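Number of protein chains: 4
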Amino acid sequence: MILITGASSGLGAALASLYSDDNEKLILTGRNQQRLEQISTPLNPQVTTHASDLCDPQSVAELFDTIEEAPDTVIHCAGSGYFGKIEDQDPAAIKQLLDNNVTSTILFLRELIQRYRDHKVNVVVVMSTAAQAGKAGESTYCAAKWAVRGLIESLRLELKGYPMKIIAVYPGGMATRFWKTSGKDLNTSSFMTATEAASMLKQALVGTEHGYISDITINRG
Amino acid sequence: MILITGASSGLGAALASLYSDDNEKLILTGRNQQRLEQISTPLNPQVTTHASDLCDPQSVAELFDTIEEAPDTVIHCAGSGYFGKIEDQDPAAIKQLLDNNVTSTILFLRELIQRYRDHKVNVVVVMSTAAQAGKAGESTYCAAKWAVRGLIESLRLELKGYPMKIIAVYPGGMATRFWKTSGKDLNTSSFMTATEAASMLKQALVGTEHGYISDITINRG
Amino acid sequence: MILITGASSGLGAALASLYSDDNEKLILTGRNQQRLEQISTPLNPQVTTHASDLCDPQSVAELFDTIEEAPDTVIHCAGSGYFGKIEDQDPAAIKQLLDNNVTSTILFLRELIQRYRDHKVNVVVVMSTAAQAGKAGESTYCAAKWAVRGLIESLRLELKGYPMKIIAVYPGGMATRFWKTSGKDLNTSSFMTATEAASMLKQALVGTEHGYISDITINRG
Amino acid sequence: MILITGASSGLGAALASLYSDDNEKLILTGRNQQRLEQISTPLNPQVTTHASDLCDPQSVAELFDTIEEAPDTVIHCAGSGYFGKIEDQDPAAIKQLLDNNVTSTILFLRELIQRYRDHKVNVVVVMSTAAQAGKAGESTYCAAKWAVRGLIESLRLELKGYPMKIIAVYPGGMATRFWKTSGKDLNTSSFMTATEAASMLKQALVGTEHGYISDITINRG
Chain Z
1 MILITGASSG LGAALASLYS DDNEKLILTG RNQQRLEQIS TPLNPQVTTH ASDLCDPQSV
61 AELFDTIEEA PDTVIHCAGS GYFGKIEDQD PAAIKQLLDN NVTSTILFLR ELIQRYRDHK
121 VNVVVVMSTA AQAGKAGEST YCAAKWAVRG LIESLRLELK GYPMKIIAVY PGGMATRFWK
181 TSGKDLNTSS FMTATEAASM LKQALVGTEH GYISDITINR G
Chain X
1 MILITGASSG LGAALASLYS DDNEKLILTG RNQQRLEQIS TPLNPQVTTH ASDLCDPQSV
61 AELFDTIEEA PDTVIHCAGS GYFGKIEDQD PAAIKQLLDN NVTSTILFLR ELIQRYRDHK
121 VNVVVVMSTA AQAGKAGEST YCAAKWAVRG LIESLRLELK GYPMKIIAVY PGGMATRFWK
181 TSGKDLNTSS FMTATEAASM LKQALVGTEH GYISDITINR G
Chain H
1 MILITGASSG LGAALASLYS DDNEKLILTG RNQQRLEQIS TPLNPQVTTH ASDLCDPQSV
61 AELFDTIEEA PDTVIHCAGS GYFGKIEDQD PAAIKQLLDN NVTSTILFLR ELIQRYRDHK
121 VNVVVVMSTA AQAGKAGEST YCAAKWAVRG LIESLRLELK GYPMKIIAVY PGGMATRFWK
181 TSGKDLNTSS FMTATEAASM LKQALVGTEH GYISDITINR G
Chain S
1 MILITGASSG LGAALASLYS DDNEKLILTG RNQQRLEQIS TPLNPQVTTH ASDLCDPQSV
61 AELFDTIEEA PDTVIHCAGS GYFGKIEDQD PAAIKQLLDN NVTSTILFLR ELIQRYRDHK
121 VNVVVVMSTA AQAGKAGEST YCAAKWAVRG LIESLRLELK GYPMKIIAVY PGGMATRFWK
181 TSGKDLNTSS FMTATEAASM LKQALVGTEH GYISDITINR G
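Chains as they are written, first to last, in the working numbering: chain Z, 1 to 221; chain X, 1 to 221; chain H, 1 to 221; chain S, 1 to 221.
Just so you know, these hints were derived from the structure itself, not from any lab.
Everything numeric in this text was worked out from a predicted model, so none of it was measured.
Some clues are possibly wrong.
To be verified - Restricting the straight-line Cα-Cα distance to at most 25 angstroms, the calculated cross-link-like pairs of lysine-lysine (BS3-like) are: (1) H:160 - Z:135; (2) S:85 - H:165; (3) X:135 - S:165; (4) S:135 - X:165; (5) H:160 - H:120; (6) H:202 - H:25; (7) S:120 - H:135; (8) X:160 - H:160; (9) H:165 - Z:202; (10) S:160 - H:85; (11) X:85 - Z:120; (12) Z:85 - X:120; (13) S:120 - H:95; (14) H:135 - Z:160; (15) S:160 - Z:160; (16) S:135 - H:120; (17) Z:135 - X:160; (18) Z:165 - X:135; (19) Z:135 - X:165; (20) H:25 - Z:135; (21) S:160 - H:135; (22) H:25 - H:85; (23) H:202 - H:120; (24) Z:135 - X:25; (25) H:120 - S:85; (26) H:85 - S:120; (27) Z:85 - X:165; (28) X:135 - S:160.
To be verified - Computed from the model, here is a short list of chain S residues facing chain H with C-beta under 10 angstroms: (29) 57; (30) 85; (31) 89; (32) 115; (33) 117; (34) 131; (35) 139; (36) 142; (37) 149; (38) 155; (39) 158.
Quick reminder that beta carbons are idealized off the backbone N, C-alpha and C, glycines included.
Kindly produce the complete structure, drawing on both the sequences and the hints.
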C-alpha cells in the first residue's frame, strides 16, 4: 500500500494517477475531502481517500488510525509556496508557509516513525531545489525547504539500523496550480508537467535487492 | 550603535558585557524586561534595553521605532533549543521551537531590511553547528537552524548591491543556561563558556577597509 | 549512440551489458583493449570498443576522432580507488589516484565540451558518495571525488544556455573488483552488485520532454 | 613556532610580516629560496627560511627534518591559480594546477600528521571561496580547491581524539600577484589586500581555553 500526502493536486495527484494505473492500493490524503474525491473518482477501486490537516497532531494520528497495515511506501508531497522579496512578505502568510511545509512535515514524520520505524517503509519526502541553495525572492520558501532537509538528514541518522528508509526528492519548477496560488508570476510553458516529474520519480523509486536511489534532483531541460 | 537580540542570557549577554567594556553604545533586547535589566545594570550607561517578542511583527516594529539611527552592527542571538528523538518530541514544544528560532528570525530580518537595507549595517546571525549537518536527537532543532541558514543564504542574494551585509556564525556547544532548558542532559564542563565564544566572535567581527569575515564556525577543543 | 568510459569492469561494464540488451549502439572505452574485448564479445554487434588513456590529452582526442556523430549520452565511469589513513598512504599511489579520477575527468570533459557542447548530449558523470562528505580512511579518495564534483558544478554554470547537460551520479559501495584493487579489506556480500546499480541508474536516466533527473545518489539498503 | 607555506608572496608573506612584528619564531617555506630571503630580510631575526617543493615527498620530508620541535601553528598558504573556460584550458597547465594545489597539500599534510598528530598543532589550511561553490571560468581551480576541502573534512575525522586540529580558511579574491600569473584579467582595486586578509585571519586564529574558530570565510566588501 502507498500513502500519498498532498494528493489533491500537482505531483501528489499525478503520482496517484500513475500508481493507480498499476493497480496499486493507495491511500490519498490532503486537506480538502472534496478535491481528494475529484482526484480519486477516476482511479482504480483500491484507492481510498482520507482528509487530514498535517499541522494538527490529532488529525495526523487519526489519519494513521485508519491505516491497518504498514505502508510499503509513503510519498509526502504536501506543501505550499509563497514568494517575494523579504520586505514585501506578509507575516501571516509567512507563518502559514512555515506551518504548511515545516510543522506539517515534522508532525507527519513523527507519527510515521512512532508507528512504523520497525517496518520496511520507503518514506519519500518531496522538497524542492529550493532546499539545496539560497534563492533571491524565495527566502522564506528556502527557509522552509532547508528546514525539511535538515530534519530528514537528522532522521536518517536516528533511523540507522531500522528498516525504514528516507528518500529525498528535490524537484525544480513544475507547471502546476502551485504557482497560481504562490503569488509568483511566471510563464511555466517550458516547465515540466507534474505528470512528467511523477513518471521520472516513479521510475527512480524502483529499487533492487541491495540498493535504492536515496536522493533525486529533478530539473527542467 | 550595536543592537543585540537574545541579550538576556548566553552568548548575547556575554557579547553585551564585552562590548560594554569598550564603551560601545548598545541596545539589548529579549523577551523578559526584568532579565534584560539584570544584565544591563552592571554595564556602561550607554547601554539601553527594550523588551520585545520577535515572533510578533507589531513588537518587532515597536523595537525598531525606538531606534533613532541605523545600527552599525546587529547581532541576532535570540533562539532556543529543544532536543530528543523525533518520536519523543511534543507537538507544542516543536511549534514553540520553530517560532523561537525561525519565525522570530524571519520577522526580525524582514523589519531590519525594510528599514535599513540602504545603510552599512553588519547583520550578524548566530545559528549553530546544527545548521551545517544533520544530528541524531536534534532533528527539529536542525530543521530550525537549517531554515535560518536557507533564509540568510537567500537574503544575501537579495542584498547584492546594498551596503547591508550578513555575517553567519555557527557556534558549537557552549556551557550556557540554554542546555538546562532544552531537555538535554549533558556534562558541559569541557564546553567553551559563552564569554569565550563571545570574545572569539568579537575579534572575528573586526573587518578591514575592503574585507570582512563573512562566515565563522566556532568549535570546542 | 552511448559512449561509456571505464567500461571494462564494474558499473561501466554492467551498463554496457544492459544497454546492449536494448540494442543500443555503444562505444566502450577503457585502458585495456583486451579487457574491453572480453566485455564486448557477448554484446550486440553494434557495440564497438576503443582503448584510451584519459590522462593523456592526445589519447582522448584520438578517442573522439573515432566517433562520427555526437553521442546522445556519455556515461563517464572511469576511476579507481585507494584507501587508508593518510599517514599510511604512498605518494606514488596518491598521484595515480588523482590522475585516474581527476586529471582523466578534466581532460575527458574538456574534449567532450570542445567538440559537442552545441549538441543535445546527456553527460553522466559517475562519482561516489565520497564526493558528498568527508570519510575517515578515504581522505585522498574523497579529495579526488570532491574535485570532480567541484568541476562539474562549475561546468554546469559554463554550459548554461547550451543543450549539453551534466547528470551527477553518486553511488555508494558496490560489490565490484574495485575493492580488490583498492587496498581496502571489506566484506561486500551485502553490497549491491554493479548490475543492480546499473539497472537503477538506467531507469533514472530516462527523461521526459521538459525534464530530467540531474542528480542521483544510490545507496545500499 | 609557526610554519608558513607559500610564504614568498601573497597571504603567506603578509602573515609572515604580521607575526614577525609580534616577535614570533617563524619558519617560512616556498619553492624559491631567493624570494623567501627577500621576504625574510626585513623580518625579525627569529624568522628562518627553507625552500621546498611540496609536490616532492622527499623535499617535504627534508623540510620537516629541519624542524626540531612540533610547531604550535602551521599555516598552509601554498597554491596557485589557473582560469578560463574548460575548452580553452591547456592540459599541461591543468596538471600543474592540480600538483600545486592538491598533490602538494596531500603530501604536506601527510608528513605533518605522520610526525605531529600527537601534538597540539593548529593546522590552518588556506583554500578559497572557490572551494565552496562552482564558478564559471574556474572549473579546474574549483576542482583543485574542492579536493582540498574533501581532504581536510576527511582528515578531521581521522584526527578525532588527537590534539591536532585543522582550521579551514576560505578567502575571496585578494589583490595579489596571484592574479597576474593566473591568466585572468581583473581590476583588483576594490579587492582586499593580502595584508588586510592576513590581519583578519590572525585575529580569528586567537582561540580560547575550550574553543577555537574552526572555519573562516573572508570576503570582499
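In rising order, the numbers of the hints this structure does not comply with
Hints 13, 20, 22, 24 contradicted; others consistent.
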